[in-house]
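S.K.: Residue-level listing of the chains:
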Amino acid sequence: MKDVMPNIPRILTALAEWGSCLLYICKYQRRLRGWRLAAVLTLSLAVQCLFLHFTGHLPVALWIPCMAVAVGLMFLTILLCGDMSALSAGYCTVRAFLLAEFAASLAWQLYTFLAGGREWAGPASALLFTAAVYGAVFLVMYRLEPKPAPPYPRLSIQRGELWPTLMIGLACFVMSNLSFVYANTPFSGNYISEIYNIRTLMDLAGVVMLYAYHIQHRELQVRRELDAVQNILQNQYVQYRQSRESIDLINRKYHDLKHQIAVLRAEPDAQKRADFLDGMGREIRDYEAQNKTGNSVLDTVLTGKSLYCAKHGIELTCVADGALLTFMSVMDICSVFGNLLDNAIECELRIPDKKKRLIHLAVFSKKDFLIIRCENYCPEPVNFRSGDPVTTKEDGNYHGYGVKSMRYTAQKYGGTMTIEAKDNWFSVNILIPLTGQ
Amino acid sequence: MIRIAIADDDALCAQELRRYIDDYARESGHRFEVTVYSDGDELVERYRAQFDIILLDVEMPFLNGMTAAEMIRRQDPEVILIFITNMPQYAIRGYAVDALDYVLKPVNYFAFSQRLERAIRRLGRREAVYLTIPVKGGTMKVAADDVYYVESLGHQLIYHTRTGNYAATAGTIQQMENDLAPLHFFRCHKGYLVNLNHVDGIRDGCALVGDAQLPISRAKKAALLESLTAYISGVGR
Chain A
7 MKDVMPNIPR ILTALAEWGS CLLYICKYQR RLRGWRLAAV LTLSLAVQCL
57 FLHFTGHLPV ALWIPCMAVA VGLMFLTILL CGDMSALSAG YCTVRAFLLA
107 EFAASLAWQL YTFLAGGREW AGPASALLFT AAVYGAVFLV MYRLEPKPAP
157 PYPRLSIQRG ELWPTLMIGL ACFVMSNLSF VYANTPFSGN YISEIYNIRT
207 LMDLAGVVML YAYHIQHREL QVRRELDAVQ NILQNQYVQY RQSRESIDLI
257 NRKYHDLKHQ IAVLRAEPDA QKRADFLDGM GREIRDYEAQ NKTGNSVLDT
307 VLTGKSLYCA KHGIELTCVA DGALLTFMSV MDICSVFGNL LDNAIECELR
357 IPDKKKRLIH LAVFSKKDFL IIRCENYCPE PVNFRSGDPV TTKEDGNYHG
407 YGVKSMRYTA QKYGGTMTIE AKDNWFSVNI LIPLTGQ
Chain B
9 MIRIAIADDD ALCAQELRRY IDDYARESGH RFEVTVYSDG DELVERYRAQ
59 FDIILLDVEM PFLNGMTAAE MIRRQDPEVI LIFITNMPQY AIRGYAVDAL
109 DYVLKPVNYF AFSQRLERAI RRLGRREAVY LTIPVKGGTM KVAADDVYYV
159 ESLGHQLIYH TRTGNYAATA GTIQQMENDL APLHFFRCHK GYLVNLNHVD
209 GIRDGCALVG DAQLPISRAK KAALLESLTA YISGVGR
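Taken in sequence, the protein lines are chains A and B.
Read in order, the letters of the first sequence correspond to residues 7 to 443 in this note's numbering.
Read in order, the letters of the second sequence correspond to residues 9 to 245 in this note's numbering.
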């Protein structure tokens, strides 16, 4: 590389790296806000520039470790500012790094082509020109990048998904920079313009590949989520069918028993036995009368869950006007009430003192709105992320679908769902306008 | 002083509830005045809306709790009714008399105190707030609860209230939105600030308030529904 065309000033590379980090931080939910965010970003810009500037004249052998440190700095910036796991931050870093390489390479190539030998060429114009190109590249990328879907604007990358990204990133980086390190390989360029072309095109290829990978990953995630929501719906429905069957069975048994009592009563003797039978008859009536809300699906779900609650010492109380639910499909009623009660039960089971295990369900109408409210006593603090509680289950990636499924159903009927935790009570409120249902 | 009535034909149970209320008074610092009735008819006979909270046994020999509750409701839409029962299948219909809570017999102190606490919190929310509206030649004092909605017409604010419409001589809708932020008012549209308490329904992208249909701007739709949910479920305890 004994040529007149100088390589990219390191400070411009630093600027590109910082700028592309900023892009990914802007795109996803942030951990820091306001002046803290500004402070971390300023600091990271300063460190990135200083580091690259002062390591610019080291021998080639040290160039690769220096590059690794620069990437490490980018990773730290993204991890600090963005609200994401280390794996997701790593994923963003790879994408940001390749994008930065591409932007820097493209800008420099354009600059050297346009400004070569002109009198306006100089450090200031180089900085202005590259900043404009970076701005354009990042803006296009920002627009192309799909919007994170609410209410989960978090990037969730698994280990298995990080590997291919790393591989693509590494391969592109090696190929694009090979000529700078070793001139004597089958893939190295000999002329400086050729070397620059290789670098820019390789980086572009890398950016495009990672972009394609990202789009596919996202679609997969959406599909997986939809499957999970459907699964939950299906699950609650299956449970409903099972308890329907067992309740029918019990009802038949009780019906038989009633006949037996009638036969026994026909016997003229023994006043005491009649008293005893009276008692039995009353008990059966009590059982039959249980959970008559006016909606047979809700009755079944409630009976199933209250049996479970009784077994685990949870006091489940319910005030419900089931007749209001006629516009909802069987599936939706199962899913909403099944999930509401399952979530509440799960929380109550963690309370050691059985006297404090309380759940209250209310279904009523106010004006022209249907309100479904499930409250449970919950002494432990609940963490929220964008309006939804963060799951307490171990593997956060595969839970929280119960809540999603309920929200989905509420929205299907033009309604909404809110969740709050206040004064030791956790409550889920669903509102659905009844007009036009 | 919070006035509580207990109506229960089982003297032992009534006594126990009374003791729980005393315990709760000591724990919370609230003061209570408790009156005990041994049947629903005694309570209903000379009822003049003199209580804040009524604990009602569902099953009583002369006048059962549900019927008593209906009679009380006709006279007093405000009082908080809590059923005490060992037959949840009757209390499940509590929504009919706006009794959205009940306590199961045998009564456990913790469950009871939680219910009482929530009922008391709901009492506290009832204090009326008044708005002073500058009108031509003076000011009007209107209870915030009586305001249906505020409309911004040109440079003027129109207050649509239970007692009529008033054109204010000063103020902007933005300013009213900020002033009324602690109350249940919501800006559903550039030109409308609506009292959530008077939203009767939502149809075709409009909020139904009395005879009026207020447009809801597309961007506010989800937020309006959420505020309504929070408001209605907060009130209807």
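Because the hints were derived from the structure by calculation, they are not lab data.
Since the model is a prediction, treat every value here as computed from it, not as a measurement.
Heads up, some of the hints might be wrong.
Far from chain A by the CB rule (all over 10 Å, computed), these chain B residues [unchecked claim]:
| # | residue |
| --- | --- |
| 1 | Glu-86 |
| 2 | Gln-97 |
| 3 | Ala-104 |
| 4 | Ala-107 |
| 5 | Asp-109 |
| 6 | His-163 |
| 7 | Thr-237 |
Reference excerpt, derived from the structure (chain B facing chain A, CB under 7 Å, subset only) [unchecked claim]:
| # | residue |
| --- | --- |
| 8 | Ile-100 |
| 9 | Ala-119 |
| 10 | Gly-209 |
| 11 | Ala-238 |
In this text, a Cβ means the ideal position worked out from N, Cα and C, and glycines have one as well.
S.K.: Decide, hint by hint, whether the structure agrees.
M.R.: Here's how the hints hold up against the structure:
no., hint, in the structure
1, Glu-86, "holds (15 Å)"
2, Gln-97, "violated (4 Å)"
3, Ala-104, "violated (8 Å)"
4, Ala-107, "violated (7 Å)"
5, Asp-109, "violated (7 Å)"
6, His-163, "holds (33 Å)"
7, Thr-237, "violated (4 Å)"
8, Ile-100, "holds (6 Å)"
9, Ala-119, "holds (6 Å)"
10, Gly-209, "holds (3 Å)"
11, Ala-238, "holds (6 Å)"
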